[in-house]
Amino acid sequence: MRFSDNEAKRYHRQILIDGWGEEGQIKLKKSKVFIAGAGGLGSPVSIYLAIAGIGKIILCDFDTLDLTNLNRQILHDHTRLGLNKALSGKLTIENMNPHVEVKTIQEKILPENVDNIINDADIVVDCMDNFQTRYLLNESAIKKRIPLVYGSIRGMDGMLSFIQHPETPCLRCIFPEAPPAELFPVVGATPGIIGTLQALETIKYLTGIGFNIKGKLLVMDGSKMEFRIFKIYKDPKCPVCGDKSQST
Amino acid sequence: MSVKVRIPTPLQKLTQGQDVVECKPGMIIELIHELDNRFPGIGERISEGGKIRRFVNIYLNEEDIRFIKAEETEVKEGDEVSIIPAIAGG
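First to last, the protein sequences are chains R and E. Following my numbering, the numbering of the first sequence begins with 1 at its first residue and continues without gaps. Following my numbering, the numbering of the second sequence begins with 1 at its first residue and continues without gaps.
So that you can see chain R by itself, here it is in the shape it has in the complex:
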């Protein structure tokens, strides 16, 4: 695979990064990334992956755009209210980088369809807003032996980790149960930060540059601008990735 002169120019400044080169750019162009959710996290994730030159983005969101989304979901704008968010995201992404192929999935992620929906993606970026779906993505990624970039936010708080079975703990090992559902407070800059970190983790994995945040949980307290890292461990009794699960 090669890329055009136009692409070579477009990506010139990142090709200059140590270890990237033309080869790194080709790796990105050959990649398929599954982005689960086109909301607060999914917006910066989609934008930064698209302009970095990921070959194929699968953008999944069943929901339609609402006015209350616009304080944070920068893939969308007020002219698209009522439109499916994956479709709206595709319009934005293709406008930003016509070299990226975007496939939309407008279905809700459920236990019975999650494996098909993720299909043969190289990596999953978890940009969901609830743990039930996050757990489904986690299980499917483990079954498929593909990594998952976990990010979540609330208010000015955020978290990030890179999950890759069997090397790292899975999301169930980190949080065995879902927190109670709530209408969470949020300002757009918070998913802006965490989503951007998720995009960078994805790019690092796909190009093979640097080190992913494996076996660690980044916890951001934006109100004090503190970033702390905690160790996380595989739970041998984990029903998803533990010794007695189907996945080992």
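If you're looking for bench data, these hints aren't it; they were derived computationally from the structure. It is possible that part of the hints are untrue.
[Claimed, not checked] BS3-like mimics (lysine-lysine), calculated; alpha carbons at most 25 Å apart, straight line:
#1 E:LYS24 to E:LYS76
#2 E:LYS51 to R:LYS234
#3 E:LYS69 to R:LYS237
[Said to hold, decoys possible] Anything over 10 Å on all C-beta distances counts as not near chain R; from chain E, calculated:
#4 LYS4
#5 LYS13
#6 LEU14
#7 THR15
#8 GLN16
#9 GLU30
#10 ASP36
#11 PHE39
#12 GLY50
For each residue, glycine too, the CB sits at the ideal point set by N, CA and C.
Given chain R's structure and the hints, the job is docking chain E onto it.
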């Protein structure tokens, strides 16, 4: 010297906005009881029936207490305890 306990944002309403609280050394579960005596209601947000809720992680310095001795993990003077509940938003 005492134990420094970091209170997560969603629970700071119960600690009158304090993000760090000083507690006595002892087992984690005793520390939660002390917190609940001083800030009524905080205990049930973190634990239930003497067990830490499974969507709340407690770190002793940078280690997860579930992989030490869970609720019976001993906390010494000078240690730092962080209460980190799962957050779901995206």
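Against the structure, the hints:
no.: 1; hint: E:LYS24 to E:LYS76; in the structure: holds (9 Å)
no.: 2; hint: E:LYS51 to R:LYS234; in the structure: holds (20 Å)
no.: 3; hint: E:LYS69 to R:LYS237; in the structure: holds (16 Å)
no.: 4; hint: LYS4; in the structure: holds (13 Å)
no.: 5; hint: LYS13; in the structure: holds (12 Å)
no.: 6; hint: LEU14; in the structure: holds (16 Å)
no.: 7; hint: THR15; in the structure: holds (14 Å)
no.: 8; hint: GLN16; in the structure: holds (16 Å)
no.: 9; hint: GLU30; in the structure: holds (22 Å)
no.: 10; hint: ASP36; in the structure: holds (19 Å)
no.: 11; hint: PHE39; in the structure: holds (19 Å)
no.: 12; hint: GLY50; in the structure: holds (17 Å)
Hint compliance for this structure: every hint is met.
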